[in-house]
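Enquirer: Chains W and D are the protein sequences, given in the same order.
Add 1145 to the 1-based position in the first sequence for this note's numbering, that's all there is to it.
Add 54 to the 1-based position in the second sequence for this note's numbering, that's all there is to it.
Among the clues, some could well be false.
With a straight-line cut-off of 27 Å between C-alpha atoms, the simulated BS3-like cross-links for lysine-lysine are [unchecked claim]: (1) K192/D with K402/D; (2) K543/D with K1236/W; (3) K139/D with K340/D; (4) K358/D with K140/D; (5) K1257/W with K543/D; (6) K1279/W with K1257/W.
Derived Cβ-Cβ restraints for the label pairs, each shown as a range [what the hints assert, rightly or not]: (7) T1147/W with T517/D: 34 to 40 Å; (8) D482/D with G1235/W: 58 to 64 Å; (9) K239/D with R1222/W: 30 to 36 Å.
Some chain W residues close to chain D (C-beta under 8 Å, calculated; not the full set) [to be verified]: (10) D1192; (11) L1217; (12) R1222; (13) Q1224; (14) T1226.
What the hints contain is simulated information worked out from the structure, not anything from laboratory work.
In this text, a Cβ means the ideal position worked out from N, Cα and C, and glycines have one as well.
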Amino acid sequence: MTGAEIRALARLIDRMDYYRLLRVGRDVPAPQIRAAYHRARRQFHPDAYLSAAEDLRDAVDRIARRITEAYLTLRDRNQRTAYNEGLAEGKLRCRPGSGGEGSRDVKAPPGKTAKGRRFYTLALAEERGGNLSKAVSHLKMALTFERDNPHFRSKLEELQSSLKG
Amino acid sequence: MSEDVTIGIDLGTSNSCVASLRDGRPQVLANAYGEPTTASVVAFGQDGSIVVGNQAKARIILDPMHTVSSAKRLIGRYYFSEEVKKARAVYSYEIVSGENNSVRIQIRDEQFSLSEISSFVLKEMKSIAEASLGVPVKRAVLTVPAFFNDNQRQATKDAGRVAGLEVLRILNEPTAAALAYGFGKDLKQRVVVYDLGGGTFDVSVLEIGQEVFEVLATCGDTYLGGDDLDDRLIDMLAEHAQAQHGLNVRTDPFALEKLKAAAERAKIELSTTDPVQISIPGLANKDDQPIGIEVDLSRSEFDKLTRDLIFRTFKVCDEAMQQAGLTVRDLDGVILVGGPTRLPTIRKAVKDYFQREPEVDINPDEVVALGAAIHANSLVGASDQACLLDVTPLSLRLGITGGMTETVIERNSPIPIDHTRIFTTARDNQQSVAVRIYQGESREAQGNTLLGEFEFSGYRPGTRGQVQIEVAFAISTEGIVKVSARDPKSGAVHSTAVSMSSGLSEEELRAIIAQARTQDVVSPEDPADASPARSAAPSDEVEEFLDLPPLENEMPAAVPSTKSPLDDIDFSGIDEDLALPDEAETPAVLDSIEQDATPFDTKTDIGSLADDTLDDASLSDESLSEAERELVSAEDPTFGATAAEDSLLDSEPDK
């Protein structure tokens, strides 16, 4: 890859999902995730750009860090399931915020009451941490404050089905 | 020609070793006496002369107050830390407190930072390499214990800079050892590196295959090593002197150093002889009569004295294996690193624990430097590069209100890595937040090591809980931490390499380097280099060589700064805490929660954002991504935005 391509990739990285980043299909079996991670890390290793211009080094660093993030998410079965569900809703990353330019996935939790929003947020945090049953109990709590919130309901269903699956 | 010459230096607690790649083979470069390793000892003469190495070591007995050994045990530590307290009890040279709780060594009327002490050793290793290779050498890979925290890594890197070296990279010792072990072999193995050095212990579990060296887990103890084994012997000998002659060697630095030297010698002799006779004639004078001691020591007695220390290493091994998710049966090899692993006691214990004979054709004193040399050579593009995938040994934490911390990046996460969190202010109209960064495994701030702190005030103040502050944490491939705070609304950024408040300040460092440069002149480098994707020469060669972190604000080009941070921050006055959004809402939320008696997990850290702020944020994001698009096409006419997106995003995923 040329320096220009790497710089462009670093800028576009917030628009890529983890599968694209690791260049694997969404149905890739778990053992191949690691191979894909190794291949990606070999291609974008900061060691290989030690004496390159600073902005190029930054770009490679940024890509390498995102590859790590993708790998950490996809290598864990629970996290991968949760990520896939987020991905279906268009969420490309499973972590809050993104540093630098991309804060587009920092979303306000939907909800009319402070407590409802709060427990919904707690649920999402537990989900990210892979603790689905805790996430479910937080969501149920959120629903006690906002019985008819459709976001809460659909999220709860989603979590409960992935808990079973 | 000399541009291609690189070296790898294993800067050890007791001994250091330097190596380089010659004709494609890594080779240890011996010192003027033909010895492969050089004592990491610095002796300061009355006349201002500085002697390093085995000659300096010989002077410990003659001049213990002005001869500094085992500096690595102190580098990057706070004066108040337990380790420094222990060191003050053991070492005869004067350990004093410097600015911001740093450690300084007092030599007559001069004070030295630990980075300076280590830089003397590194300079010596550099000149050993130059004498051996016959060319000037500048570029080096320095190794550190895998379990070193950010402070220790930074301080070691600083030492390299002060020594006039361009530190290509800081590399973990066990990773370097594995690299040397796997070099030139087409291996696919899982190995464990048991690295017991003079002062530190590391264990790393790695998978080696197809030019990828992946660390699965690393654990360690930066205050456990051969020195501690010696200390047990010293205690035994001191008791002996007390019992036989009523002599308290602890109050006599000269006698103590004689015991230390004898203990170390006996420990080494035990590797080949059993039992050994420890004989110290003229240990001290009593009533004008020289008195000495003679003690016989068997291997089994030595084992008994040190059993708990060796047991401690296996507790660490347990942890590493567990973190790697492996059992000893999954391993294909055991690599021993560090002088103390020559001890039959330790070899046997390692063999019993891992149920396998350790690799025999590895020199435990040299293998780390060899690995560092291999990597150094590949970093300048002079040879094929192995892909090293390392991990961070310690969890990265952020200080929050109430003296607690939040884990931001878990230990044994692959690096490089980053993580961003949104936080908010604790009080209405709070003008600034203190961002404190820790490493360690304790939820309480006190149980961790403070890496640094900075104040962020570049945001628009507002009611508590309404202000958003994005804190981004990054750990580089060297294990060095960088943190920045940003106001997503205004775009104001405060970015800083985390540096320990007790280390050398940037000004001090610049002054020391400037001083060092008058002795060792640095010539600008040839801009042509072997990077595979180089596109522009760096603008300021010298600055790049010095690798000085920028003092100015690092700012994305598109967003204007509201404040230039570092210059006008007074760290001492910071009392405002950074709060989790949860805690910002504490009064209201906690009250209602208690009433409702709902299970509330205070551990969580994701804040709720008010709806109006959100709209702002998403709006500006939209415009940012538009601007980004523009940027891509404007910046690089040959590489249009859409073309870039197409080729990058639609590249065929592998099936």
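Enquirer: If a hint holds in the structure, say so; if it doesn't, say that too.
Expert: Cross-check of the supplied hints:
Of the supplied pair hints, the one linking K192/D and K402/D is violated, its CA atoms being roughly 41 Å apart against a limit of 27 Å. At roughly 21 Å between alpha-carbon atoms, K543/D and K1236/W fall within 27 Å of each other, so this suggested pair holds. The suggested pairing of K139/D with K340/D is violated, with an alpha-carbon distance near 30 Å, which exceeds 27 Å. For the given pair, K358/D sits about 22 Å from K140/D by alpha-carbon distance, which is consistent with the 27 Å threshold.
Taken as a hint, the K1257/W and K543/D pair is honoured in the structure, with Cα atoms around 23 Å apart against an allowance of 27 Å. At roughly 22 Å between alpha-carbon atoms, K1279/W and K1257/W fall within 27 Å of each other, so this suggested pair holds. Between T1147/W and T517/D the beta carbon distance is about 49 Å. The supplied range of 34 to 40 Å is therefore violated. Checked against the given bound of 58 to 64 Å, the beta carbons of D482/D and G1235/W, roughly 36 Å apart, lie outside it.
Take K239/D and R1222/W: their Cβ atoms lie about 34 Å apart, and the range 30 to 36 Å holds. Restraint check, D1192/W versus chain D: the minimum CB separation of about 6 Å is within 8 Å; hint holds. For L1217/W, the shortest C-beta to C-beta distance to chain D is roughly 7 Å, which falls under 8 Å, so the interface hint holds. Using the Cβ-Cβ criterion of 8 Å, the hint placing R1222/W at the interface with chain D is not satisfied: the shortest such distance is roughly 14 Å.
For Q1224/W, the shortest C-beta to C-beta distance to chain D is roughly 13 Å, which exceeds 8 Å, and the interface hint is violated. Because the beta carbon of T1226/W sits about 19 Å from the nearest beta carbon in chain D, more than 8 Å, this interface hint is broken.
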